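**Student:** Those protein sequences? They're chains Z and D, same order as listed.
Residue numbering for the first sequence follows the UniProt record's numbering, starting at 1 and increasing by one per position.
Residue numbering for the second sequence follows the UniProt record's numbering, starting at 1 and increasing by one per position.
Hints listed in this document are in silico derivations from the structure and should not be mistaken for laboratory results.
Here the structure is a predicted model, which is why all the values come from computation and not from measurement.
Heads up, a few of these hints could be off.
Claimed, not checked - Derived DSS-like pairs: lysine-lysine, alpha-carbon spacing no greater than 25 angstroms straight-line: (1) Z/K105 with D/K109; (2) D/K109 with Z/K109; (3) Z/K109 with D/K90; (4) D/K190 with Z/K105; (5) D/K122 with Z/K109; (6) Z/K105 with Z/K229.
Number of protein chains: 2
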Amino acid sequence: MTHITLAEAFNQTTYPVAGHGKRNVQVLLDALQDIDGALDSDMYGSGQVMEDFQQQMASYLGKESAVFFPSGTMAQQIALRIWCDRLELKRVAYHPLCHLEIHEKDGLKELHHIEPILLADKDRLIQLDDVLNMQEDIACLLLELPQREIGGQLPDYGDLEAISTYCREKGIKLHLDGARLFEILPYYQKSAAEICALFDSVYVSFYKGIGGIAGAVLAGDSDFTEASKVWKRRHGGDLISLYPYIISSKHYFSERIGKMAQYYEEAKELAGFYNQCQGVVTQPVEPVSNMFHVHVELPRAQLESILIAIYEATGVGLTGYVREASETTSCYELSIGDRYVNVPKEPLREAFRMLDAQMKEAVQG
Amino acid sequence: MTHITLAEAFNQTTYPVAGHGKRNVQVLLDALQDIDGALDSDMYGSGQVMEDFQQQMASYLGKESAVFFPSGTMAQQIALRIWCDRLELKRVAYHPLCHLEIHEKDGLKELHHIEPILLADKDRLIQLDDVLNMQEDIACLLLELPQREIGGQLPDYGDLEAISTYCREKGIKLHLDGARLFEILPYYQKSAAEICALFDSVYVSFYKGIGGIAGAVLAGDSDFTEASKVWKRRHGGDLISLYPYIISSKHYFSERIGKMAQYYEEAKELAGFYNQCQGVVTQPVEPVSNMFHVHVELPRAQLESILIAIYEATGVGLTGYVREASETTSCYELSIGDRYVNVPKEPLREAFRMLDAQMKEAVQG
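Given these sequences and hints, build the entire structure.
**Tutor:** Printed below as a string of structure tokens:
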């Protein structure tokens, strides 16, 4: 019996299954490999390196204008603030597990004094009915596609269009939390611009499916993006130089935007392996992007021991962490990236045979 | 007569006089040269690459703890907010040309609803009397050392100690805008820690005298820095990866912290050359850091023509821009860095002989 942790065991595996690779300095070195050192830095929001990429993203997203931000946290608070100011109404609506509600230390409330209405239950998507039945006026509705905290779920495209139409009729601004927008295009079979056309403003991230270092883009009409630059300065995000993030975002966007369909197919395959195991189910059962959650009917410590044994026997690393879901169940999140294609199928199948066998034993024992 | 701009002419000179060099991607490539690609990224404010540098800076500044920030704008608003919250008083005091007052689109007011009292006149330093004579209670006094917008001036060290003592007695928190703190150590003949001991909180920057890419550190006691991390998350500054800025800050800190005395001596020499020219005076007349302002008794367009002629004749580049100060006068800012030592003295003297001659002709003409 070793005292190795799950993270340590995972780091020693030959075939880690999820993600693009380690988040280390090599990610930056690779992005810089073909860059001429004489390329000028951006300077406080201007400069060719920034303007070119912003233009590229505006075109890709089908919006008039786009602005590069150091983080999505900053970009999204600012988007909501602009819409609230424009409608003179400091109230918005979003999902109870929205990033702004659970991961930003209440920045939206503490810095912008904006009140959020929580739509839908924690364990399901926002539906048209939730929007229709809102009791209070709001300036902006934020939709996250896919809804990450429930495994990356998506509404039917028709429902999305219906929500968009209703918001337009009512004068409610619609904002897209598109942290994983690139990852859902294969499922919807739509271009980013087609989806973004349903929204007044859009945020996308460059370190999820794209696998860059950090950074985000906020897109919309030019009035909106110009206002966002003022707020970016106020937030302290208008750095003298953002080029390390811009260059890497551009590099990995170019490298990976064409692979989203592959990641999506691989996520479905991997989820299928999980769902064949006793006491294991993925959320969603069939992924609609490159991501899903794994729910296991075992306490965390017990699952960790099983996983470590699987890693040591097969060299396959399924996850680097497990979260306690309840006293008797546990879960973790997976996002498929460049690594999956390099995992040989035989040890992968062996890992799942072991997982199934160990689960059966654990549940019966 | 060419139609070249001053910036173009400056960029073509063989011997630019001020600064460290061009702000281009080479600055990042150089900082990464000896970095192992296997070095792990920081992750949302933790990780060895970040914690080591924060510890190094806390020690250097003589404070209990230090936190890396993407920008000084973010760090300083947060410092003032923490002190205001702690004293339950949303009022601070600073110089009329404080960075927060003129360069941040009123972030302090718009995001934090903090009211600033403007101490002293625009064209002089804050004195002890200004502090003694304040009519209203404040939570925090911000002092910028050196006061950049008036050429980088410094109070006598005794005055600084007296202000610090008074603030401690009155329960007023004292915050140091130390964007150029490293640059003033040779003049005061004090360590950074000795100066910082007069202040409750300190911000330093890594892309002025240090010449990094971007980034700042906020230092103080641990209660203060822990609170600053919460606000950093709220501002959207707690990026998943800040290592491009941390690595370059550490690299250039190590490379240049020992050169501040050299830059200071060179600034005094260069200011001396300027002050020998007719109708030209530096502010301060004798620099107290690596920076000063140049004030010229000529309209901007006329000075630009003279400078372009000097650059073309001598290969020496004195400045890349000139600002209009009034209809008949102009000015610009200079900060001495690595470049100065590489400028041969003879063409430099020739440039100033030409400037003096041209100024005499222009003033008489």
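**Student:** Where does the structure disagree with the numbered hints, that is, which hint numbers, in rising order?
**Tutor:** 4, 5
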